[in-house]
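Each chain is listed here by its residues.
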Amino acid sequence: MIPNALCFGDEFPAAGAPCLVQVEEHGLTVNFASDTTDDQSESVPFSSLTVSAGGLDHDQLVVKWAGQKGERTLYLKNPDVIRAFRQAAPDQLSHSFEQAAERVRQVRHRSRLVWGLVGGVFLATVLGLWFQSDLLVEIAVSRIPVEWEQKLGESAYRDFLSHQEVMKEGPAVAALGEMTQRMTAQIPDSPYKFEVTVVKSDVVNAFALPGGYVVVFTGLMKKAESGEEVAGVLSHELNHVLQRHGLERIVKSLGIMTVAAIVFGNQQGLVGMMKQLGVELFTLKFGREQETEADLTGLQLLQRAKIDPSGMITFFERLSEKDEGRMEWLSTHPMSAARADRLKAELAALPKKSPEPFTFDWKQVQASIGSQTVVVP
Amino acid sequence: MKSEILYPGAFPMVRVDLAAGENIKAESGAMVACSPTIDIESKMEGGFLGALSRKFLTGEKFFFQTLRASRGPGEALLAPTVPGEIVILELDGVNEYMVQKDGFLAGADTIVIESKMQGLSRGLLGGEGFFILKISGKGTLVLNSFGAIHKIELKPDQEYIVDNSHLVAWSSTTSYNIEKATSGWVASFTSGEGFVCRFRGPGLVYIQSRNPGSFGAWIRQFIPVSE
Ligand SMILES: [Zn+2]
Chain A
1092 MIPNALCFGD EFPAAGAPCL VQVEEHGLTV NFASDTTDDQ SESVPFSSLT VSAGGLDHDQ
1152 LVVKWAGQKG ERTLYLKNPD VIRAFRQAAP DQLSHSFEQA AERVRQVRHR SRLVWGLVGG
1212 VFLATVLGLW FQSDLLVEIA VSRIPVEWEQ KLGESAYRDF LSHQEVMKEG PAVAALGEMT
1272 QRMTAQIPDS PYKFEVTVVK SDVVNAFALP GGYVVVFTGL MKKAESGEEV AGVLSHELNH
1332 VLQRHGLERI VKSLGIMTVA AIVFGNQQGL VGMMKQLGVE LFTLKFGREQ ETEADLTGLQ
1392 LLQRAKIDPS GMITFFERLS EKDEGRMEWL STHPMSAARA DRLKAELAAL PKKSPEPFTF
1452 DWKQVQASIG SQTVVVP
Chain B
13 MKSEILYPGA FPMVRVDLAA GENIKAESGA MVACSPTIDI ESKMEGGFLG ALSRKFLTGE
73 KFFFQTLRAS RGPGEALLAP TVPGEIVILE LDGVNEYMVQ KDGFLAGADT IVIESKMQGL
133 SRGLLGGEGF FILKISGKGT LVLNSFGAIH KIELKPDQEY IVDNSHLVAW SSTTSYNIEK
193 ATSGWVASFT SGEGFVCRFR GPGLVYIQSR NPGSFGAWIR QFIPVSE
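These protein sequence lines map, in sequence, to chains A and B.
Under the working numbering, the first residue of the first sequence carries the number 1092, and numbering increases by one thereafter.
Under the working numbering, the first residue of the second sequence carries the number 13, and numbering increases by one thereafter.
These aren't lab readings, by the way, just hints derived from the structure by calculation.
It cannot be assumed that every hint is accurate.
No more than 30 Å apart at the CA atoms, straight line, and that leaves these computed lysine-lysine pairs for DSSO-like [stated by the list, open to error]:
1) B:Lys163 <-> A:Lys1155
2) A:Lys1242 <-> A:Lys1376
3) B:Lys167 <-> A:Lys1155
4) A:Lys1435 <-> B:Lys150
5) B:Lys150 <-> B:Lys14
6) B:Lys14 <-> A:Lys1160
7) A:Lys1454 <-> A:Lys1291
8) A:Lys1168 <-> B:Lys113
9) B:Lys167 <-> B:Lys113
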């Protein structure tokens, strides 16, 4: 016998006696499980029953009657039994059935309403924080240690480089080393140790991974007319790292649960969670504010390093004009006229400094990476 | 799952005998010692999101542990974090218990554990938080308490008033309302304002003889505050 109800009464345990309730034509039959004697059963006609709703959530059907051995109370939960009972019950019971059902509906409706309201307010608050100030993202990002960021970036970086033709030495590597050195000398307190790699590819691109891992493609170096122009892109990329833009993007795209996980304690899961959700570091697009920030701080960094900042602006402008070739850098760094204008205005506001030229000859650097003389059509 | 309470009283342990291949659920961190035939798996009850939401919403441990007698029969010794009694209940498949989140110690694999949202006023005032565990199914359930466990038996429509921070578990055939404690009730140290639950039978209510919040507040007064 599999019990489907609990019966309460004076001689039963306080937790209720498990029993099997069956709906018959004229009433209910209640079978009690018993180890010692044969199964005891009790039949009650519908006419002597009263029904109501009860239990913790008012979702149980409470059936009461006066038995030979005293008051009996039955708690029914099984929906099949309740349905059968309702169908078989005579008219005088159906009124109390409707009342009980109405009470359950009311309780459920009320709690749904209240929870809906609470949920709505909560969601609105969270979304408000989320979209307006990105406060949660900032808090989350600030809690991620730099070592984590480096681990994250480095694994993606090594993975990427293993499929590429890396330039180990030569004038191009030396030139980028000099640029990096000039700029990082201006940020002595930075926790990042920048690593810049030149990759042989005609793609016009450069990118920085979280933690300070920078890749510059020879395609971009071929397009540049001076070392200062490449330095402009490099400075922009370094500042994406310094401002932790990649991390902000990751946290944002991983969603609120991750943010919560990071803010409230568990940082361990981030790398695993990224893998699980398939977040691609290379396809992360920066937001417009982040681009502006990287532009402006990039410009200031060039200025401090005494590298002519106008190279950055002319290169950005030239990249945005020409749409031929594979200008990959633009797909992750959307360029607009307004962006260049803003930089020009910013540059004009900065105090004038006399730039110090690089020690290398840019044309020789370009020649070393196999650049043909650019023929302007 | 056969279980026996060792050292009943303030510092008990429970010994659980597992047949070969048998699993049980336990609160993570409850394991004290076990036979080498037993493997411990951290299982996320209700899937990843379920476990995650439980962690954030109930503050409960992220994982339940599953103890599995993979390499033959064996036994495990389990103990709760706080000093207090352990009680073993046999669920018969019809009875269901609501258990406040720290009350669960272990259970047979056949019992079902769900996180359940309470009504708003119960959640706000009840002291057990918005989420409690609803435990149903058939098999052994082991609960633990802070202090001694006392069982209150309620007949149909019989009422009883309990300070909410002393609640451990109660059957789902009971119902209750939250009421503001009238003066005379021990106001909790932390809130300064006590709430009580007016339970109505039929069913069982298990309460603990000590209040964790008040105990914490009492301890705190002896801890030197660094300026
Ligand atoms: Zn950018």
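Each hint tested on the structure:
no., hint, in the structure
1, B:Lys163 <-> A:Lys1155, "holds (25 Å)"
2, A:Lys1242 <-> A:Lys1376, "holds (20 Å)"
3, B:Lys167 <-> A:Lys1155, "holds (13 Å)"
4, A:Lys1435 <-> B:Lys150, "violated (75 Å)"
5, B:Lys150 <-> B:Lys14, "holds (14 Å)"
6, B:Lys14 <-> A:Lys1160, "violated (36 Å)"
7, A:Lys1454 <-> A:Lys1291, "holds (17 Å)"
8, A:Lys1168 <-> B:Lys113, "holds (24 Å)"
9, B:Lys167 <-> B:Lys113, "holds (26 Å)"
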